[in-house]
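Peer 1: Take a look at the letters that make up each chain.
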Amino acid sequence: MGAAHGVSPAPAESAMEAARAAHDAAERAARQSYGRLVAILSARTRDIAASEDALAEAFARALERWPQDGVPLQPDAWLLSVARHRVLDAWRHRLVQDEAAQTLLLLADELADDHGEGAMAVPDERLRLLFVCAHPAIDAAARAPLMLQTVLGLDAARMAGAFLTAPATLGQRLVRAKARIRAAAIPFEFPRARDLPQRVQDVQDGIYAAYGTGWDEVDGGDPTRRGLTAEAIDLGRILCGLMPGDAEAHGLLALMLFCESRAAARRGEAGDYVPLDRQDIARWDEAMRQQAEQALRHAAGLGQLGAYQIEAAIQSAHCARRLGAEVPADALVALYDALLALRPGIGARVSRACAIASAQGHAAGLRALDEMSPAEIANYQPFWAARAHLLGQAGQLDAAREAYARASGLSTSPAIRAYLAAEAARL
Amino acid sequence: MEYMLMFYQPNAEFDQKPGPGSEAYMANWMSYVGAVRGSGIVRDGHGLQPPMTGTTLRVRGDKRQVQDGPFADAKEQLGGYFIIDVPDLDTALEWAARAPCASTGGVEVRPVWVPPTA
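Same order as they appear, the protein sequences are chains A and B.
Here our numbering is used: the first residue of the first sequence is 1, the next is one more, and so on.
Here our numbering is used: the first residue of the second sequence is 428, the next is one more, and so on.
Some hints could be false.
Going by beta-carbon spacing under 10 angstroms, a handful of chain A positions derived as facing chain B [what the hints assert, rightly or not]:
#1 Q68
#2 A338
#3 Q393
#4 Q396
Below, in silico cross-link-like pairs of lysine to any residue (SDA-like), each with a Cα-Cα straight-line distance of 25 angstroms or less [what the hints assert, rightly or not]:
#5 B/K502 / A/A77
#6 B/K502 / A/A166
#7 B/K502 / A/Q294
#8 B/K502 / B/A524
Derived by calculation from the structure, the hints in this document are not laboratory data.
These numbers were taken from a predicted model, which means no experiment stands behind them.
Virtual Cβ for every residue (Gly too), placed ideally from N, Cα, C.
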């Protein structure tokens, strides 16, 4: 262990370390600031695709320069400045007349930032970006992937499985949506007061759609693969931070956290499907459940009732079993009635029928299911699974077997097919 | 729009002898076929006998080559197909995802060619 060993590492080694540090810094900046930077660039240009291209170049440039020059004090500001110049270069290149005014504004932004202490903070414009992504003029199917792409930087290939969409189709949808924002000049502004509630709901629906597709994609079992659910929760947290006074933003976050807290318990040791009422409560994530309760309490304190808060309350009621209590069936029916009054939906109607069956017996549950229209339920798997279960309780075994087969045929999950077959065999 | 769903199954599934496991497997297919037909979207569809019952013919120049078995020696083989009429590719993919072989082999979804109208 002589002093000679204390010399600085060999040049090759230190270059590798610098490269790694630069890479890590760029990646951190990419993850934490991607949406912020896309938002602030696009707010001025309305051209999301060009902003993304410019940012991609800025990130590449950072990886080239930072190993030599060191990581700048404000990586965000550095990336933003480089990206802005890329956008300006692209415009100068095309010499488009009507963009001259925009060019001046973009230059003005850059100058205004330079007047600071050199350590300016990049303002957060992501809420405006979310409003644009969920704008009524954008195809509803494109909204959730557009948010995930522009705010978190996910690419189409990564999202295609979750959305069960061909990668080429999803890519086209995103390109079309961005072209529409630009061509229709969808403003990066806050919606007018009278539009605000609907626009906020569109944003929340987009985030919840992202959560739902992530939930469906990953067939439980492997806890390291959570699909897009973690990303959707990230969006939910960002929204709560941006709209702290919106009760439904906190309700939505609570709902996603309740579901996520039970994600590990939805499969048994052998990867078999475990229904909610038979889940091992020791496998629920208690810390996450508490975060969910906290978000729901916070939402309730804001005094604006909404559908996401009711859905979160339903999830909270299912957690009563954690304290050894029965899940309160009458309360669940009342919650589903309230939910359906605010937001009619096929899923809530099936769940309400199941709650009615728990509270008043299988005959009442079956009657509630029979009220649904045949066209609506023909390909809706949960309907057939619920119907099969209740028919089994009613002793109508042939009809129950038929319904189990229909549910199985509509399922995309081998684990759920195996569960349904086992239930049918127990009849 | 019409799409063909082509069900590709791993070779092991064709080799399966009748037994307890194969009953559950067949039941899954019966349920799936029942659900697809129950939805009223089926234009046509068949299951096929195992690949080794196939015979492949090629004509090369003036020579005819006849070979036992399928066209290509692959890990997965075509086991059957449906032609379905659904509004869009997304819906076709949803039906493809429900096929039992989606989780063991794969399903190719291809639009049916429509001849240009004169």
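Peer 1: Name the hints, by number, that the structure is in violation of.
Peer 2: 1, 2, 3, 4, 5 and 7
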